[in-house]
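Given next are the chains, with one letter for each unit.
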Amino acid sequence: MAQNRQPLKIGVLGYLLVFGLAVVPLLTGSPASMAYAWSFLQMLALVLSLNLITGFTGYVNFGHIAFYGVGAYAVAYLTTTTRIDPYLFIPFAAIVPAAIAYAIGRPLLSIRGPYFAITTLGLGEAVRVIIVNIPQFNYSEGLPIAAYFRYNVFNSYIAMYITVVALFLTTLLLRRTRYGAMLEAIREDEDLAESMGVNTRKAKLAAYVLSAAAAGVIGGLTAITHVYAHPGFFSINLNVSVLASLLMGGGGTLLGPLVGASIFYFIADALLIRFPYLHLVIFGAVVMMITLAMPRGLSFILYRYPKISQRIADV
Amino acid sequence: MKNKAVSSTVVAALLIVALVAVVAGFFVYQQLTAPTVAEKPLRIGFSISISGDFAVPGRKQLEGFELWKDWINAKGGIFVKDQNKYYKVELVYYDDKSNKDEVIRLYEKLINEDKVDILFSPYSSTLAITAAGITEKYGRLMIVVGANSDRIFQQGYRYIVGTYTPASKMLTQAIDILLEKIPNPTVAIIFKDDAFAKSVADGAKAYAEQKGVRVAAFEMYPRDAKDLSPILTKVKGLNVDAVLGGGHYEDEVLLVRQAKELGVNVKLMSLLVSPSLPAFYDALKETSEGILAPSHWEPQTKPNINYGPTINEFMTQFRQKWNSEPSYHSAAAFAAGLYLTAAIEKGGTLDNAKLRQAFNDLDITTFYGRLKIDPVTGNQVGHELVLLQWQKGQKQVVWPKDVATASLVFPKPSW
Amino acid sequence: MFNPEIFFQALVNGLLMGTVYGIAAVGLSLIWGVLGVVNLAHGSFIILSAYLTYWFFVYTGLPPLSTVPLSIVLGFAAGYLLYKAVGQKVVSLDPSTSVLFFFGLSLLLSNTILNLWGPDVRGIPWLIQSFQIAEIRVSLARLITLATTILCFISLYILIQRTYIGKAIRAVVINRVGAAAVGIDVHSIFAVSMGIGIGVTFFSGTMIAMVNPFTPASGEGYLMYSFASVVLGGVGNIIGTLLAGILMGLVESFIGVYFSQSISPAAAFIILVLVILVRYRGAK
Chain A
1 MAQNRQPLKI GVLGYLLVFG LAVVPLLTGS PASMAYAWSF LQMLALVLSL
51 NLITGFTGYV NFGHIAFYGV GAYAVAYLTT TTRIDPYLFI PFAAIVPAAI
101 AYAIGRPLLS IRGPYFAITT LGLGEAVRVI IVNIPQFNYS EGLPIAAYFR
151 YNVFNSYIAM YITVVALFLT TLLLRRTRYG AMLEAIREDE DLAESMGVNT
201 RKAKLAAYVL SAAAAGVIGG LTAITHVYAH PGFFSINLNV SVLASLLMGG
251 GGTLLGPLVG ASIFYFIADA LLIRFPYLHL VIFGAVVMMI TLAMPRGLSF
301 ILYRYPKISQ RIADV
Chain B
1 MKNKAVSSTV VAALLIVALV AVVAGFFVYQ QLTAPTVAEK PLRIGFSISI
51 SGDFAVPGRK QLEGFELWKD WINAKGGIFV KDQNKYYKVE LVYYDDKSNK
101 DEVIRLYEKL INEDKVDILF SPYSSTLAIT AAGITEKYGR LMIVVGANSD
151 RIFQQGYRYI VGTYTPASKM LTQAIDILLE KIPNPTVAII FKDDAFAKSV
201 ADGAKAYAEQ KGVRVAAFEM YPRDAKDLSP ILTKVKGLNV DAVLGGGHYE
251 DEVLLVRQAK ELGVNVKLMS LLVSPSLPAF YDALKETSEG ILAPSHWEPQ
301 TKPNINYGPT INEFMTQFRQ KWNSEPSYHS AAAFAAGLYL TAAIEKGGTL
351 DNAKLRQAFN DLDITTFYGR LKIDPVTGNQ VGHELVLLQW QKGQKQVVWP
401 KDVATASLVF PKPSW
Chain C
1 MFNPEIFFQA LVNGLLMGTV YGIAAVGLSL IWGVLGVVNL AHGSFIILSA
51 YLTYWFFVYT GLPPLSTVPL SIVLGFAAGY LLYKAVGQKV VSLDPSTSVL
101 FFFGLSLLLS NTILNLWGPD VRGIPWLIQS FQIAEIRVSL ARLITLATTI
151 LCFISLYILI QRTYIGKAIR AVVINRVGAA AVGIDVHSIF AVSMGIGIGV
201 TFFSGTMIAM VNPFTPASGE GYLMYSFASV VLGGVGNIIG TLLAGILMGL
251 VESFIGVYFS QSISPAAAFI ILVLVILVRY RGAK
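Listed in order, the protein sequences are those of chains A, B and C.
If you're matching positions, the first sequence starts at 1 in the working numbering and goes up one per residue.
If you're matching positions, the second sequence starts at 1 in the working numbering and goes up one per residue.
If you're matching positions, the third sequence starts at 1 in the working numbering and goes up one per residue.
Bound-form chain A, shown alone:
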């Protein structure tokens, strides 16, 4: 992975471009473009948060959505009980999922490969089932919070913007620090990393907790923007979409989540509008072709041209 440690160029550039473009809706103040850009930023944030665990350590996580949902419910539940500004509860949207991740992370992360993936596949559903059996959370109906605060599109947009920037900086940091290199070593060969003195357990757990906290915050912000927390947050389809975006873009990189989220968001959207009946058939075919043509993710296309990649890479 020597070429991965080149000075950061194109990845950072890509994000700076996106952050620049994402300021435009704020300046024009158009709620239309803000709502559209918000959904994109949310997708990007989810992909970046999943990248922390799945991208860096290679643990394919189908249960990311559990933390996203828990974050949403944490904010909504506290808002409905206290009736004060839901943004105050965003820290809880990080703390509660992080605590759960810490509690279950140790045994869970001792499972590897596809077994980890399958176990986490059940996690989101299990949390969902627990929540819909709890009266305080209104069973299957969820917690609408529109009545408790005044929704403001600016606040919601700025909050998501800050979240994405923070996740970008975290990823950047991981790409540049020894800790990030440890996680990458786990991805490449966990046993080897362990034998070389990496405390893999601690490293994995930290990444898992961090990623859970990030997912929780995104969930909390989404609940505020949707003015509603409901069992639909634990949607395995969303988890698979986020995972697909990450893998299509290229995991463990900086550029990968950006590329993946853009493709998933814009292509899926364009197909949805053009082909109301066939969009998923076509999208399925597109995903298959991408995996066959670019198995390490689209951002790795750069490495096909070593001369260029050495100058501009760290994707």
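Worth flagging that the hints you see were computed from the coordinates, not collected in a lab.
Just so you know, not all the hints are guaranteed correct.
[Unchecked claim] Sample of chain B residues at the chain C side, in silico, Cβ under 10 Å: (1) D53; (2) P57; (3) D193; (4) G212; (5) V215; (6) A216; (7) R223; (8) S229; (9) I231; (10) K234.
[Stated by the list, open to error] Restraint ranges, calculated between C-beta atoms of paired labels, are given here: (11) B/A353 / A/D85: 48 to 58 Å; (12) C/W55 / B/R319: 21 to 31 Å; (13) B/G237 / C/I150: 25 to 35 Å; (14) C/I239 / A/I130: 51 to 61 Å; (15) C/L116 / A/M289: 14 to 24 Å; (16) C/I150 / A/I130: 28 to 38 Å; (17) A/L192 / C/I239: 33 to 43 Å; (18) C/S92 / A/Y305: 19 to 29 Å; (19) A/P276 / B/N184: 44 to 54 Å; (20) B/D361 / A/P276: 30 to 40 Å; (21) C/S92 / A/L27: 45 to 55 Å; (22) A/D85 / C/W55: 16 to 26 Å.
Bear in mind the structure is a predicted one, so any value in this text is a computation, not a measurement.
Even for Gly, the Cβ is constructed at its ideal location relative to N, Cα and C.
Place chains B and C on chain A using the hints.
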């Protein structure tokens, strides 16, 4: 008297000119003030489930919307008084894949990007309550069709208008029948893990308890359940008079099938949504005998229509356009369009807040039945359900008695 | 108060449904064990076969049981050809990337089904009857499904245990490189295994069509049950997978009867996690 003759000619000419001028002026005046056709159509946006769990009712509902659009456009559009214009209707819709995340994204898109004027809700309570959060956020009017969970209308939302009879009332007729037929009935209420089914079950439980009917079981089954024998075995052991509840399609058909296989013999069995569609009978054949379900509309009903087309006209046009039979989803969608038309005509505006006010004073009876909302919540209070029952392969309306096409088979024949 | 009727009824229900869960998972287990790929499109294959069975039933009016040979052959052909077309490439991918490939395939398949057959719920109204043994009700269609499944499974077992191909498949499961070293053509074994795997999956789809209603979206639920059975029973271990499926059916049945069915997915998950923790700690 040459002069006189000349002057009389002149006078006559002047008179004619004046007359022409007046007439022309009148025409010009009329022309100037006559309603014109607006250059831009009225855009009505919604998301609808073309794929996913709600694709069946979603597609039926979409067919109803489309037919209404054709119908109103063939009539020249909707007249909006304060602009003195006729608006043609354009529908802007996307597939929400029966998925809440999509609903949220699409309603943001419809409002902000497509700049639609008014919205319809997606099908199903789960999706509609999600969409309502968005439309409310922007203060946009949404006609709720295909969704009736009471919780949608308990959020204090000020811009929603219901068209279905509330979910909490969906099983009350079945309980009324039980009370009429047998003394001290006991019921089991079982329902799918879903916002709509939960709302119906809660309503049924409250009504039963209020009427002194014993609810022996009140149980939920998982969304993806492929085997309902556990819950049915439990119910069988309780020896109840009636099983009420269900969820949507796959699970309800499975419920009937396994109830027969396990010999759960009850006097009355009422499901929620699947029996109104022919696919229910196709999947069960004679096993469907005697199964009841509420329906928001059936073609056999005879409302005293004072607005819009007759049932016959609707049926004919629907068959012509879609080459299939309409379900109550299609009828309700068409009626929602009519309801909106009536409100725009009455309110004379497209301003969403004023339109919502206009709905308050509206009380119309369309081919779909009466429509009138509660002014505060926007929930539907005028519309009445009918109860249908499968009898010898035919779907019959059996309740209320004045619109019944066949008499109720009670108790349900044992399997 | 213990009621033996309810207990035995729950036992019978669990066994009948569990066999369906079990056989539905065998194909997934086999493909995962032999090829090392997780077929996320498994549920879509099941439902595809269910629709084919339904279609056959509607057009011929023959009992759905007569579709069994056809669906096995079609499934085998589909699996074999899929491997021949792209399998070699897919197997060489990183496991997470091959999951993504099958995710694409599953979207493609289930939405093609939706567009071909429409969204309506379908079911085959064949033998919706039951008979009674001492207060215990046994569904006829489910009993026939059970018998057919056992028959099919025994044939599969003999195929795997007694034939050359079966031995080669087992060799590949145990050690892919070693198998190649002793002269087994690994790629043709892969192709045949994929064929057998999808063939069994199609068979299970026909069984499901005989007893349960289904829609184009039903595959997801069966996929979840199958995953749980495979992991419980052991990847590539077809007997273990079948038994795990039966266990799942029993657990669901008893939880539903004695507690509440609404918590059975959570209970199943907890059992799954415990088993995984004991069995697969550190496994790759």
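Quick rundown of the hints versus the structure:
no. : hint                        : result
1   : D53                         : holds (6 Å)
2   : P57                         : holds (9 Å)
3   : D193                        : holds (6 Å)
4   : G212                        : violated (26 Å)
5   : V215                        : violated (15 Å)
6   : A216                        : violated (14 Å)
7   : R223                        : holds (8 Å)
8   : S229                        : holds (4 Å)
9   : I231                        : holds (5 Å)
10  : K234                        : holds (5 Å)
11  : B/A353 / A/D85: 48 to 58 Å  : violated (26 Å)
12  : C/W55 / B/R319: 21 to 31 Å  : holds (26 Å)
13  : B/G237 / C/I150: 25 to 35 Å : holds (29 Å)
14  : C/I239 / A/I130: 51 to 61 Å : violated (33 Å)
15  : C/L116 / A/M289: 14 to 24 Å : holds (22 Å)
16  : C/I150 / A/I130: 28 to 38 Å : holds (36 Å)
17  : A/L192 / C/I239: 33 to 43 Å : holds (35 Å)
18  : C/S92 / A/Y305: 19 to 29 Å  : holds (23 Å)
19  : A/P276 / B/N184: 44 to 54 Å : holds (53 Å)
20  : B/D361 / A/P276: 30 to 40 Å : holds (37 Å)
21  : C/S92 / A/L27: 45 to 55 Å   : holds (49 Å)
22  : A/D85 / C/W55: 16 to 26 Å   : violated (57 Å)
Violated hints, in rising order: 4, 5, 6, 11, 14 and 22; the structure is consistent with all others.
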